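Number of protein chains: 2
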Amino acid sequence: MHAAGRLELIAVPGLPQVGPGDDLAELVAQGLDAAGMKLCDGDVVVFAQKVVSKAEGRRVDLGTVIPTPRAEEVARQVEKDARLVELVLRESKRIVRQRKDVLIVEHRLGFVMANAGVDQSNVAADGCGEFALLLPEAPDQSAERLRRDLYERCGAAVAVIINDSFGRPWRRGTVGVAIGSAGLPALRDLRGQPDMFGRRLRVTEVGLADEIASAASLLMGQADEARPVVIVRGLNASSQSLPAHSLLRTPEEDLFR
Amino acid sequence: MHAAGRLELIAVPGLPQVGPGDDLAELVAQGLDAAGMKLCDGDVVVFAQKVVSKAEGRRVDLGTVIPTPRAEEVARQVEKDARLVELVLRESKRIVRQRKDVLIVEHRLGFVMANAGVDQSNVAADGCGEFALLLPEAPDQSAERLRRDLYERCGAAVAVIINDSFGRPWRRGTVGVAIGSAGLPALRDLRGQPDMFGRRLRVTEVGLADEIASAASLLMGQADEARPVVIVRGLNASSQSLPAHSLLRTPEEDLFR
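These protein sequences, in sequence, are chains W and L.
One point on numbering: in our numbering, the residue at position 146 of the first sequence is 146, and numbering is uninterrupted.
One point on numbering: in our numbering, the residue at position 160 of the second sequence is 160, and numbering is uninterrupted.
Hint data in this document are derived by calculation from the structure and do not stem from the laboratory.
All values derive from a computational prediction rather than experimental measurement.
Incorrect hints may appear among the rest.
[Claimed, not checked] To give an idea of the interface, some chain L residues facing chain W are shown, with a C-beta separation under 7 angstroms as derived from the structure:
| # | residue |
| --- | --- |
| 1 | R6 |
| 2 | L7 |
| 3 | K80 |
| 4 | R97 |
| 5 | T174 |
| 6 | S214 |
Heads up, the beta-carbon is just placed ideally off N, CA and C, and yes, glycines get one too.
If we strip away everything but chain W, and leave its shape as in the complex, we get (with noise of 0.2 angstroms):
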């Protein structure tokens, strides 16, 4: 995966609002088709999570939640919503940090991040009742059946990321991170390489799929979804692939939990 001097970063037009069972890389290849461009082999596809969650149906009524006492306790603590905090409770492994407003999880898949990822902003009512959006059951895997679906409806041989917006310790902001991905090297070893001096390296591994997850996010936006796909050009992605799940440290390495 080397980086040309360039990189190209487009905003998949005249995508319509994504409902369950819809078929993303068809809506891709449509929007793409109908704007007269093409996906290239090696573009990187970056597709928010909001709209990979909407496709695979992970939308509850919270109407249907009935929360346990200890969700109850957790939510009249951090002064949030009982219904909320049992799908937090039941998306996580474990809770990492809680105060007034703040519920930083384990989510089950290994993420530690505010409220299990469960959003209840940009979620259509429908007039109907009130509800909120699950993470995908299985991002990677989400990110590799995208890749296949991209490459059979546009016939590009890409690389897929699934991206979110997470907070961080330290420092103010969220940024987008990856939370699934396929066809590239999420995490980028640079162990045992020289620097331009010969000396070797400190900095040892890059988190590739992070950095391509913020600089989409950057097109993206927050307060619409009108760009919930991004196209990221140049960087010249190998077929070597290492998944999202190998930028979770493990609890034992981590001085931060």
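Knowing the structure of chain W, use the given hints to seat chain L on it.
Below, chain L without anything else, positioned relative to chain W:
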């Protein structure tokens, strides 16, 4: 700051090795000029920390560094060069975490980072001794100065970011982060903005400068410094400015110190 549907990242070509006292803006102007390229109003110009530090003369001859007993002690514990540890401690307010090969500190500027950013790789040894490179003295001010210099040399009103690669808790791999910025809102506040369906956004602040820093890092690479300056075009940087320092959480609002 509103991105259109397309972003372009362009590495400034033809930059020479940078040394103390070099005029970085002038080097950028020359590199662009020789390639028939121009800066545009609204461009964001991202400088790798290393070239800014080198231009500002932040290189330290390790032969001149005499470790204190405390530095010797910490160096034994983390198994690092005591002269490097001495520099790290001089640059830091306190140690946040330490163990073999790992020394995470709170930098005097507030960054929580490995080794206070003191870097032994990619610093030419000149055949006469060993050197380390410190972060710029005041990166937000460096960015502001570069911004003014670029306006003088190139006639374009740009924003400037100085980036570095940071590790982080929970996730493996380093990502590009903004340690200094000028001319753009490093932190983009979305509080109160409705989402597409009129619900107020729950994710309220975006680490804009960090996302740009990560994007630029994709082009800069790690193993060489051939591309230490990257232009990000298409973000339409507003003149509303909030320096990179505003990305730092106060200790009181941070749950992970």
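Comparing the hints with the structure gives:
1. Because the beta carbon of R6/L sits about 5 angstroms from the nearest beta carbon in chain W, less than 7 angstroms, this interface hint is met.
2. Contact between L7/L and chain W, as hinted, is supported at the beta carbon level, the nearest pair being about 4 angstroms apart and thus within 7 angstroms.
3. The interface hint given for K80/L is broken, as the beta carbon of that residue sits about 10 angstroms from the closest beta carbon of chain W, more than 7 angstroms.
4. This hint holds: R97/L has a C-beta 4 angstroms from the nearest C-beta of chain W, less than the 7 angstroms allowed.
5. Residue-level restraint check for T174/L holds (minimum Cβ-Cβ distance to chain W is 5 angstroms; threshold 7 angstroms).
6. With its C-beta approaching chain W no nearer than about 4 angstroms, S214/L sits inside the 7 angstroms limit, and its interface hint holds.
The structure does not agree with numbered hint 3 stated previously, though it agrees with all others.
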